[in-house]
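> These are the residues of each chain, in order.
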Amino acid sequence: MSTDSDRLERQRNRNGWLLSTPALVLLAFGATGPLLIMFVYSFLEPGKYGNVIWEFSTKAWFNVFVQRDIFDGTLSPADAHLTILWRSVKLSLMTTIFTFIVGFPTAWFIATRPPRMRTLLLFLITIPFWTNLLIRTFAINQIIRNEGLLNTLLLKLGIINEPLLIIYSDFAVFIGMTYVYLPLMVLPLFASIDRFDMRLVEAGYDLYASRWQVLKRVIVPIVKPGIISGSILVFIPSLGAYVTPRILGGGRNMMIGNFIELQFGQGRNWPLGAALSVILLLIVAVALVVYVRFANRGDSNV
Amino acid sequence: MSAQDGVEARNARKVYGTGQEKVVALDNVSIVIKRGEFFTLLGPSGCGKTTLLRLIAGFETPTSGTILLDGTDITYDPPNKRPVNTVFQSYALFPHLTVAQNIGFGLEMRGHAKAEVDSTVEEMLALVRMESMADRKPTQLSGGQQQRVALARALAPQPKVLLLDEPLSALDLKLRKEMQSELKRLQLETGITFIFVTHDQEEALTMSDRIGVMKSGSLLQVGSPREIYTRPADRFVASFIGETNFLTGVLGKDAITLDAGGTLPLGASTQAKSGSKVTASIRPEQIRVIETDAPGSLPATVTESVYFGTDSHCHFALADGTEVVVRLQSPASGDVGLSRGQNVFLRFEPGALMVLEDQA
Ligand SMILES: Nc1ncnc2c1ncn2[C@@H]1O[C@H](COP(=O)(O)OP(=O)(O)OP(=O)(O)O)[C@@H](O)[C@H]1O
Ligand SMILES: [Mg+2]
Chain D
1 MSTDSDRLER QRNRNGWLLS TPALVLLAFG ATGPLLIMFV YSFLEPGKYG NVIWEFSTKA
61 WFNVFVQRDI FDGTLSPADA HLTILWRSVK LSLMTTIFTF IVGFPTAWFI ATRPPRMRTL
121 LLFLITIPFW TNLLIRTFAI NQIIRNEGLL NTLLLKLGII NEPLLIIYSD FAVFIGMTYV
181 YLPLMVLPLF ASIDRFDMRL VEAGYDLYAS RWQVLKRVIV PIVKPGIISG SILVFIPSLG
241 AYVTPRILGG GRNMMIGNFI ELQFGQGRNW PLGAALSVIL LLIVAVALVV YVRFANRGDS
301 NV
Chain L
1 MSAQDGVEAR NARKVYGTGQ EKVVALDNVS IVIKRGEFFT LLGPSGCGKT TLLRLIAGFE
61 TPTSGTILLD GTDITYDPPN KRPVNTVFQS YALFPHLTVA QNIGFGLEMR GHAKAEVDST
121 VEEMLALVRM ESMADRKPTQ LSGGQQQRVA LARALAPQPK VLLLDEPLSA LDLKLRKEMQ
181 SELKRLQLET GITFIFVTHD QEEALTMSDR IGVMKSGSLL QVGSPREIYT RPADRFVASF
241 IGETNFLTGV LGKDAITLDA GGTLPLGAST QAKSGSKVTA SIRPEQIRVI ETDAPGSLPA
301 TVTESVYFGT DSHCHFALAD GTEVVVRLQS PASGDVGLSR GQNVFLRFEP GALMVLEDQA
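Quick note, the sequences are listed as chains D and L, same order. Under our numbering, the residues of the first sequence are numbered 1 to 302, in order. Under our numbering, the residues of the second sequence are numbered 1 to 360, in order.
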């Protein structure tokens, strides 16, 4: 009897696996294929007009960290690369933190509205997704550029005497990324705040917790899954951002995404681009592991 | 102990919403709940019991009126500044904390030292008999166990007043009975004032020192269970607390001439004027069924008999058709020996018939 049902169960499992094969194949190739290609390319020689020459070489990896002076051939750390990497990490972190600071009250506000209002507000949050990223970023550009909306307004009001130089700076990139990625923070935060039992706030107050303590000791630990997924959803695309730094950062304030593009384009150094891509992936992986560890640290001994 | 010790509400009024959607949840309620008392608020759904508790806990502020604790006005103190704790109907245990951490939360927030928190938590765990579950999360507990943790959590900071909003309604009958005696024991052991809300009149009668019966935002009557049961102020209280029979008649001197015929003596004097039309009540267990006519009895016809296990409820029709229910102890056979249509006499226990003061 039990062996019969066991066999049936096993067969059902087998059928399940069989049915999901297409998805698994797609996943395997879709997810690991490009990574594998990048990994292999990073150990090859660059071709003269782009592409790669199939010859093993560690030059690309060497060049990521170290540069050789064109004249005397001395070696020094590849400052430019490190600056770009550091800027990418810094801007992404700032964007993640700031979208959280703005996104948390927003998500809280939405989750505590009556149901009809809530649907409307969520709908409004998703509206930016209807427009192409490029166009949205250009819109920001129009607002913050020297002769843009913001400066014109401030000048007319007499608050400033000369235009604020915001555009083509790290700050401009930060503003743009915050704007673009804010919904990605708000939505997962909303999802977990929506599931949060508001009576727990009252229970906290009732047990002598101040507002700040209720936030820190009751709300944040319980909505943590939303905070984690929101942060991940913002941090990862910020780190690899391409369009925003390109349009708002100008040519100078490159992020790693732009720099990689440069290697595959004008730089004609595919292996270096590939090596940088792998590095980008590693940063993301390390950041994720550290972050999730850190975020779960409190669980066992709050 | 001064006269002001305990919780007091003075003309507390609470209105929710505005304009068309205005709801008067509490209508000028005044009450004094003494220190160390087990006080029960009883009333139908929506009568304002939770609202009154929320005013005392500080989750709401009254539209007008004041709330006092030991003579001090606490109307506008936030909940975290009041020595009042709540056992929520839904328990509202913190899902991310263990049982022990839940219980220690209040003390920790008050800034007590860790050692002190730990020892109080131990004590509380023992008090509610949950020592073996200290490290579990609330989701790993049964309803009754969660109930105990909620109780321990609210008791741990040693509040002056404990508010319990229908804490037993989610439990099954057996567990509820167990928790009732547990609650009573805890109240006696700790000496803390308990303000307990329930729908269940039996629960109210067995556990309370005093009961306040509410209806649509007002307190109708406050008194000991015995007072409330034997001398209900009005028709609503009489029917809400236990089953009762209503008989109409004309008031005479210390007696009532019933519309159904016969004159019966009254149990207690009444303020109603002699000669006025009044309603009197008598409980089903205060009536005897007899075979032959005797002084102070009324003829009646059996209309129905309902078996309840330990007792049976027999329905009778009086001469004018008024329905009267009588509770009879079930004999061993379970058959009370009355059949439908049988003509008998009902003898009302002398002094059991009460004129309702409030004839509204
Ligand atoms: N936040 C609120 N907003 C509007 N109306 C409310 C609010 N809270 C309660 N009410 C209304 O106030 C009245 C009293 O509610 P309350 O919760 O005090 O009743 P209750 O006696 O506790 O009822 P129950 O036994 O069902 O819990 C009800 O008519 C209710 O609809
Ligand atoms: Mg209620």
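Wrong hints could be hidden among the right ones.
Cut-off 25 Å, straight-line C-alpha distance, at most; resulting in silico cross-link-like pairs (SDA-like, lysine to any residue) [what the hints assert, rightly or not]:
id: 1; chain 1: D; residue 1: Lys216; chain 2: L; residue 2: Phe59
id: 2; chain 1: D; residue 1: Lys216; chain 2: L; residue 2: Val355
id: 3; chain 1: D; residue 1: Lys216; chain 2: L; residue 2: Leu97
id: 4; chain 1: L; residue 1: Lys137; chain 2: D; residue 2: Pro221
id: 5; chain 1: D; residue 1: Lys224; chain 2: L; residue 2: Thr206
id: 6; chain 1: D; residue 1: Lys224; chain 2: D; residue 2: Trp212
id: 7; chain 1: L; residue 1: Lys81; chain 2: L; residue 2: Gln158
id: 8; chain 1: L; residue 1: Lys160; chain 2: L; residue 2: Lys22
id: 9; chain 1: L; residue 1: Lys137; chain 2: D; residue 2: Ala191
id: 10; chain 1: L; residue 1: Lys22; chain 2: D; residue 2: Arg116
id: 11; chain 1: D; residue 1: Lys224; chain 2: D; residue 2: Phe264
id: 12; chain 1: L; residue 1: Lys160; chain 2: D; residue 2: Leu200
id: 13; chain 1: D; residue 1: Lys224; chain 2: D; residue 2: Phe138
id: 14; chain 1: L; residue 1: Lys137; chain 2: D; residue 2: Arg116
id: 15; chain 1: D; residue 1: Lys216; chain 2: L; residue 2: Ala134
id: 16; chain 1: L; residue 1: Lys160; chain 2: L; residue 2: Thr66
id: 17; chain 1: L; residue 1: Lys114; chain 2: D; residue 2: Pro221
id: 18; chain 1: L; residue 1: Lys22; chain 2: D; residue 2: Pro114
id: 19; chain 1: D; residue 1: Lys224; chain 2: D; residue 2: Arg136
id: 20; chain 1: D; residue 1: Lys224; chain 2: L; residue 2: Lys22
id: 21; chain 1: L; residue 1: Lys273; chain 2: L; residue 2: Val355
id: 22; chain 1: D; residue 1: Lys216; chain 2: L; residue 2: Gly111
id: 23; chain 1: L; residue 1: Lys114; chain 2: D; residue 2: Pro114
To be clear, the hints were calculated from the coordinates, so they are not data collected in a lab.
> Given the proposed pairing of Lys160/L with Lys22/L, does the C-alpha separation stay at or below 25 Å?
Roughly 33 Å separates the two Cα atoms, so the pair is violated.
> With a cut-off of 25 Å on the C-alpha distance, tell me whether Lys224/D and Phe264/D pass.
The hint is violated at about 39 Å.
> With the threshold set at 25 Å, check whether the alpha-carbon distance from Lys216/D to Leu97/L stays at or below it.
Holds, at about 13 Å.
> Just to be careful, I want the Cα atoms of Lys160/L and Leu200/D compared with a cutoff of 25 Å; is the pair within it?
Cα-Cα ~22 Å, so holds.
> Please verify whether Lys114/L and Pro221/D have alpha carbons no more than 25 Å apart.
Since the Cα atoms of Lys114/L and Pro221/D sit roughly 21 Å apart, the hinted pair holds (cutoff 25 Å).
> Assess, step by step, whether the Cα of Lys224/D is no farther than 25 Å from the Cα of Arg136/D, and give holds or violated.
At roughly 30 Å apart (the allowed maximum being 25 Å), Arg136/D and Lys224/D break the hint.
> Does Gly111/L sit within 25 Å of Lys216/D, going by the straight-line distance between their CA atoms?
holds (15 Å)
> So if I understand the rule, the pair passes when the alpha-carbon distance is 25 Å or less; does Lys22/L with Pro114/D pass?
Holds: Lys22/L and Pro114/D sit about 18 Å apart, inside 25 Å.
> For the pair we were handed, Lys216/D and Val355/L, check the Cα-Cα distance against 25 Å.
violated (59 Å)
> When you check the alpha-carbon spacing of Lys137/L and Pro221/D, does it fall within 25 Å?
holds (14 Å)
> Lys81/L and Gln158/L: Cα distance at most 25 Å?
holds (14 Å)
> Run the distance test for Lys22/L versus Arg116/D: straight-line Cα separation, threshold 25 Å.
Given that 25 Å is the threshold and the Cα spacing comes to 21 Å, the pair holds.
Hint check: violations occur at hints 2, 5, 8, 11, 13, 14, 19, 20 and 23; the rest are consistent with the structure.
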